[in-house]
Amino acid sequence: MTAILGSIAGNLIKMVILGAVAVAGVICGRKFRDKKDAEKAAKAASGSEKE
Numbered sequence: 029m030t031a032i033l034g035s036i037a038g039n040l041i042k043m044v045i046l047g048a049v050a051v052a053g054v055i056c057g058r059k060f061r062d063k064k065d066a067e068k069a070a071k072a073a074s075g076s077e078k079e
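Sequence positions in the sequence shown follow my numbering and run 29 to 79.
No wet-lab data here; the hints were simulated from the structure.
Each residue gets a CB set at the ideal place from its N, CA and C atoms; glycine is no exception.
Among these hints, one or two may not hold up.
What follows is a set of in silico ranges between Cβ atoms, one per label pair, in the way DEER data are often shown [to be verified]: (1) SER35 to CYS56: 30 to 36 Å; (2) GLY47 to SER74: 39 to 45 Å; (3) ASN39 to LYS59: 41 to 47 Å; (4) LEU33 to ALA72: 56 to 62 Å; (5) ARG61 to LEU40: 29 to 35 Å; (6) ALA69 to THR30: 57 to 63 Å; (7) ARG58 to ALA31: 56 to 62 Å; (8) ILE41 to LYS68: 38 to 44 Å; (9) SER74 to VAL54: 27 to 33 Å; (10) GLU67 to GLY47: 28 to 34 Å; (11) GLY47 to ALA70: 31 to 37 Å; (12) ALA48 to ALA69: 40 to 46 Å.
All chains, full assembly: derive it from the sequences and hints.
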């Protein structure tokens with residue numbers, strides 16, 4: 029019984045850690061995308077876009 033509870037606790041800890049990493053990845057991805065979009069918009073507004 030103790031081994032089962034220990035295993036469940038270990039798996040819950042792993043899930044929480046992986047969930048936190050996933051959330052951090054989404055947040056970082058949004059920040060990087062927003063930064064890239066802002067730079068592209070600034071470049072387009074200045075008229076120096078080469079497309």
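Evaluated hints:
Judged by the Cβ atoms, the range 30 to 36 Å given for SER35 and CYS56 holds: they are separated by roughly 32 Å. Distance hint check for GLY47 and SER74: the Cβ-Cβ separation is about 41 Å, which falls inside the suggested range of 39 to 45 Å. Distance hint for ASN39 and LYS59: a CB-CB separation of about 31 Å, inconsistent with the stated range 41 to 47 Å. Checked against the hint of 56 to 62 Å, the C-beta distance between LEU33 and ALA72 comes to roughly 58 Å, which is consistent with it.
As the Cβ distance of ARG61 to LEU40 is approximately 32 Å, the hint placing it in 29 to 35 Å holds. For ALA69 paired with THR30, a C-beta distance near 58 Å keeps the hint of 57 to 63 Å intact. The hinted range of 56 to 62 Å is not satisfied by ARG58 and ALA31, whose Cβ atoms lie roughly 41 Å apart. At roughly 41 Å, the beta carbons of ILE41 and LYS68 sit within the given window of 38 to 44 Å.
Range check, SER74 to VAL54: Cβ separation about 31 Å, and the 27 to 33 Å hint holds. At roughly 31 Å, the beta-carbon separation of GLU67 and GLY47 lies within the given 28 to 34 Å, and the hint holds. GLY47 and ALA70 have their C-beta atoms about 35 Å apart, which keeps the hinted 31 to 37 Å range intact. Separation of ALA48 from ALA69 is about 32 Å and departs from the stated range, judged on CB atoms against 40 to 46 Å.
When each numbered hint is compared with the structure, violations occur for hints 3, 7 and 12.
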